[in-house]
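Protein chains: 2
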Amino acid sequence: MSHTKTYNVAIVGATGAVGQKMLETLEDRNFPINELKLLSSSRSAGLKMSFKGEEKTVEEAIPESFEGIDIALFSAGGSVSKKFAPEAVKRGAVVIDNTSAFRMAEDVPLVVPEVNEEDIKLHKGIIANPNCSTIQMVAALEPIRKALGMKRIIVSTYQAVSGAGTEAAEELREQSQAFLNGEELEANILPVKGDKKHSPIAFNALPQIDVFQENGYTYEEMKMINETKKIMHMPDLSVAATCVRLPFFTSHAESVYVEIEKDGVTVEDIQNLLAHAPGIVLEDDPSTQTYPTPLSAAEKREVFVGRVRKDLDHERGFHMWVVSDNLLKGAAWNSVQIAERIVSNEWL
Amino acid sequence: MSHTKTYNVAIVGATGAVGQKMLETLEDRNFPINELKLLSSSRSAGLKMSFKGEEKTVEEAIPESFEGIDIALFSAGGSVSKKFAPEAVKRGAVVIDNTSAFRMAEDVPLVVPEVNEEDIKLHKGIIANPNCSTIQMVAALEPIRKALGMKRIIVSTYQAVSGAGTEAAEELREQSQAFLNGEELEANILPVKGDKKHSPIAFNALPQIDVFQENGYTYEEMKMINETKKIMHMPDLSVAATCVRLPFFTSHAESVYVEIEKDGVTVEDIQNLLAHAPGIVLEDDPSTQTYPTPLSAAEKREVFVGRVRKDLDHERGFHMWVVSDNLLKGAAWNSVQIAERIVSNEWL
Numbered sequence: 001m002s003h004t005k006t007y008n009v010a011i012v013g014a015t016g017a018v019g020q021k022m023l024e025t026l027e028d029r030n031f032p033i034n035e036l037k038l039l040s041s042s043r044s045a046g047l048k049m050s051f052k053g054e055e056k057t058v059e060e061a062i063p064e065s066f067e068g069i070d071i072a073l074f075s076a077g078g079s080v081s082k083k084f085a086p087e088a089v090k091r092g093a094v095v096i097d098n099t100s101a102f103r104m105a106e107d108v109p110l111v112v113p114e115v116n117e118e119d120i121k122l123h124k125g126i127i128a129n130p131n132c133s134t135i136q137m138v139a140a141l142e143p144i145r146k147a148l149g150m151k152r153i154i155v156s157t158y159q160a161v162s163g164a165g166t167e168a169a170e171e172l173r174e175q176s177q178a179f180l181n182g183e184e185l186e187a188n189i190l191p192v193k194g195d196k197k198h199s200p201i202a203f204n205a206l207p208q209i210d211v212f213q214e215n216g217y218t219y220e221e222m223k224m225i226n227e228t229k230k231i232m233h234m235p236d237l238s239v240a241a242t243c244v245r246l247p248f249f250t251s252h253a254e255s256v257y258v259e260i261e262k263d264g265v266t267v268e269d270i271q272n273l274l275a276h277a278p279g280i281v282l283e284d285d286p287s288t289q290t291y292p293t294p295l296s297a298a299e300k301r302e303v304f305v306g307r308v309r310k311d312l313d314h315e316r317g318f319h320m321w322v323v324s325d326n327l328l329k330g331a332a333w334n335s336v337q338i339a340e341r342i343v344s345n346e347w348l
Numbered sequence: 349m350s351h352t353k354t355y356n357v358a359i360v361g362a363t364g365a366v367g368q369k370m371l372e373t374l375e376d377r378n379f380p381i382n383e384l385k386l387l388s389s390s391r392s393a394g395l396k397m398s399f400k401g402e403e404k405t406v407e408e409a410i411p412e413s414f415e416g417i418d419i420a421l422f423s424a425g426g427s428v429s430k431k432f433a434p435e436a437v438k439r440g441a442v443v444i445d446n447t448s449a450f451r452m453a454e455d456v457p458l459v460v461p462e463v464n465e466e467d468i469k470l471h472k473g474i475i476a477n478p479n480c481s482t483i484q485m486v487a488a489l490e491p492i493r494k495a496l497g498m499k500r501i502i503v504s505t506y507q508a509v510s511g512a513g514t515e516a517a518e519e520l521r522e523q524s525q526a527f528l529n530g531e532e533l534e535a536n537i538l539p540v541k542g543d544k545k546h547s548p549i550a551f552n553a554l555p556q557i558d559v560f561q562e563n564g565y566t567y568e569e570m571k572m573i574n575e576t577k578k579i580m581h582m583p584d585l586s587v588a589a590t591c592v593r594l595p596f597f598t599s600h601a602e603s604v605y606v607e608i609e610k611d612g613v614t615v616e617d618i619q620n621l622l623a624h625a626p627g628i629v630l631e632d633d634p635s636t637q638t639y640p641t642p643l644s645a646a647e648k649r650e651v652f653v654g655r656v657r658k659d660l661d662h663e664r665g666f667h668m669w670v671v672s673d674n675l676l677k678g679a680a681w682n683s684v685q686i687a688e689r690i691v692s693n694e695w696l
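Keeping their order, the protein sequence lines are chains A and B.
According to the numbering used here, the first sequence holds residues 1 to 348 in order.
According to the numbering used here, the second sequence holds residues 349 to 696 in order.
So here's chain A without its partners, still in its complex pose:
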């Protein structure tokens, strides 16, 4: 991007898994920053982080931190957003919030730029960044929906531990080494930090991401269901999700079944739509065993799609495999991307 105007930007939760990626992404994208403020809880205040070769000190977030801030990127948990986002807005900042605190609020746009960029301008100070597993799915499905309509989605996820934070990633590392040494596995974080019971993730799979809801679905599953309908503006779209935590560090993968509204569509038609869609990379060639994997997608900003197949029994059914870095497109990059669109469209 090239700009004359520059902005005062704050990152709230700068030392977390997503906060660090926000900092890196702002640098990589050469975001037009005038002043950058790194904010955190009192626990992490005083830590140093590097931005464009300069050392920055992390400060404790207080309401006054947001004086003069134009854009505040939040990723420090829902309770921090609930406490400080209104303070930032009150002081004139636009908040881009990566937590679930405001996602389903009626007056808060929930945005994946490839899908509903226009919603950004409806903001009243807060724009919500969707859940990581939702973002990559709707980004991959939007070009299909736009061209062919959409009736139904059934998704089973394969999600990386970094989605549960740096402690969860550390837990996978420690448990993996213990397992290889033939030692007992100690579980304190996953599946959900602070939930009643913890289970080993190393060399295992946990069919629970976030806490259980009254209806037997997990909160992660309900996020995928409700956020997808909101982002796509399709309250009647049928969406079902099963979310599973797996022993890898980075990138979520998804086995997605989608039912479109047109007959006569071929795998090649779907592949063509994906190959020309913004932010999507088609990696799909069975003859050369080409498909995305969590490792191949890590540290990249795009959403990768492979294994596109037509259902053998249902004319309008297609299956595919969608992979993206959960900390980038799933979090930090989508947030910075929203900030870029705000700036380039002057929607501040």
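Among the clues, some could well be false.
[To be verified] List time: in silico SDA-like cross-link candidates among lysine to any residue, alpha-carbon distance up to 20 angstroms:
1. A:Lys310 <-> B:Phe597
2. B:Lys658 <-> A:Asp236
3. A:Lys193 <-> A:Glu283
4. B:Lys658 <-> A:Asn226
5. B:Lys648 <-> A:Ser199
6. B:Lys658 <-> A:Gln213
7. A:Lys146 <-> A:Val265
8. B:Lys544 <-> A:Glu283
9. A:Lys151 <-> A:Arg316
10. A:Lys151 <-> A:Ile225
11. A:Lys146 <-> A:Lys229
12. B:Lys658 <-> A:Lys262
13. B:Lys353 <-> B:Glu383
14. A:Lys5 <-> A:Ser41
15. B:Lys577 <-> A:Leu312
These are computed hints drawn from the structure, not numbers from a lab.
Dock chain B against chain A, hints included.
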């Protein structure tokens, strides 16, 4: 089991991942054995294995190995089965074959005892043991199908490396340690030994199990689709599968969507059917975070089911999570179970 009659039993492929489990299972179940023969390729001949505290020497399989054998359990790859199964049958043995060599042959019963035990008696010498990922799914779905009918299945799998043999398990172990050491990952076996390209499985997910077919599905996916229809005697059942290899050693997990034929069915109805079904253990209580995982199911013979949920948009749709030890119910135990039924019903 208590028996007066005893049988001469051969294991072909005794030194493999499944063969070893067959030997253990015959011992655990106190199968009525008169003579036990351990057979293998010339490469493994001469190795010693222990059975009921006795040391047995593995012999190279030749046609004459099957003289006097009553029951031959095969698990040494399709080409070995194609070569030696007819030789065993010719000499009067009943073959229980764990490879895909004969599964779809019209005159070969494909059997999961909890589903279609009666098919065993139609055998003409060979009975096929289904693919591991198929067995646990149909075992879990049969009680539902019987009571409520079944229209459609969509499954996404989470499969252990041991399904690809002991070398694949060793590869996961070596790559995992290398990754933790910050070293390069060397991939020579997975996703498919002998295929053109190999990718790391450690801290990754590979959406390819077995080779690709002309239609873009993998052979593993087509096995799940075709075998399910055959075992359930439902050629018109709609079945779709996406099969994914994951970095754990034992047990396959499956996210299963199923559409039944009746309205008004509740989650509790499905749970009750599963709780009282043979070979199934219901582990399903969100309030205590109770659900099966690959680690919790390992070394057990049952199929474990949890996360039963009703689809939020489709009255006849249900989602569930099915886990079982791929080397036991998925292979060795299902084979020995077939042998037990043959013996107890005198279907030899």
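To see whether the hints hold, each was checked on the structure:
1. A distance of roughly 31 angstroms separates the Cα atoms of lysine 310 (chain A) and phenylalanine 597 (chain B); the hinted pair therefore is violated under the 20 angstroms criterion.
2. Pair hint lysine 658 (chain B) plus aspartate 236 (chain A) holds up; C-alpha atoms about 17 angstroms apart against a cutoff of 20 angstroms.
3. Restraint check for lysine 193 (chain A) and glutamate 283 (chain A): not satisfied, since their Cα atoms lie roughly 35 angstroms apart, outside the 20 angstroms limit.
4. Between the alpha carbons of lysine 658 (chain B) and asparagine 226 (chain A) the distance comes to roughly 16 angstroms, so the proposed pair stays at or under 20 angstroms and holds.
5. With a C-alpha separation of about 18 angstroms, the suggested pairing of lysine 648 (chain B) with serine 199 (chain A) holds against the 20 angstroms cut-off.
6. Among the hinted pairs, lysine 658 (chain B) with glutamine 213 (chain A) is consistent with the structure: their alpha-carbon atoms are about 13 angstroms apart, no more than 20 angstroms.
7. With a CA separation close to 14 angstroms, the supplied pair lysine 146 (chain A) and valine 265 (chain A) stays within the 20 angstroms bound.
8. Straight-line distance between C-alpha atoms of lysine 544 (chain B) and glutamate 283 (chain A) comes to about 17 angstroms, which keeps the hinted pair within the 20 angstroms bound.
9. With a C-alpha separation of about 9 angstroms, the suggested pairing of lysine 151 (chain A) with arginine 316 (chain A) holds against the 20 angstroms cut-off.
10. Between lysine 151 (chain A) and isoleucine 225 (chain A) the alpha-carbon distance is near 13 angstroms, which keeps this suggested pair within the 20 angstroms criterion.
11. Our distance criterion of 20 angstroms between C-alpha atoms is met by lysine 146 (chain A) and lysine 229 (chain A), whose separation comes to about 14 angstroms.
12. With a C-alpha separation of about 27 angstroms, the suggested pair lysine 658 (chain B) and lysine 262 (chain A) falls outside the 20 angstroms cut-off, and the hint is violated.
13. Using a Cα cut-off of 20 angstroms, the hinted pair lysine 353 (chain B) and glutamate 383 (chain B) holds, with the two alpha carbons roughly 12 angstroms apart.
14. Restraint check for lysine 5 (chain A) and serine 41 (chain A): not satisfied, since their Cα atoms lie roughly 30 angstroms apart, outside the 20 angstroms limit.
15. Of the pairs offered as hints, the one joining lysine 577 (chain B) and leucine 312 (chain A) holds, with about 13 angstroms between alpha carbons and a cut-off of 20 angstroms not exceeded.
Violated hints for the displayed structure, listed by number in ascending order: 1, 3, 12 and 14.
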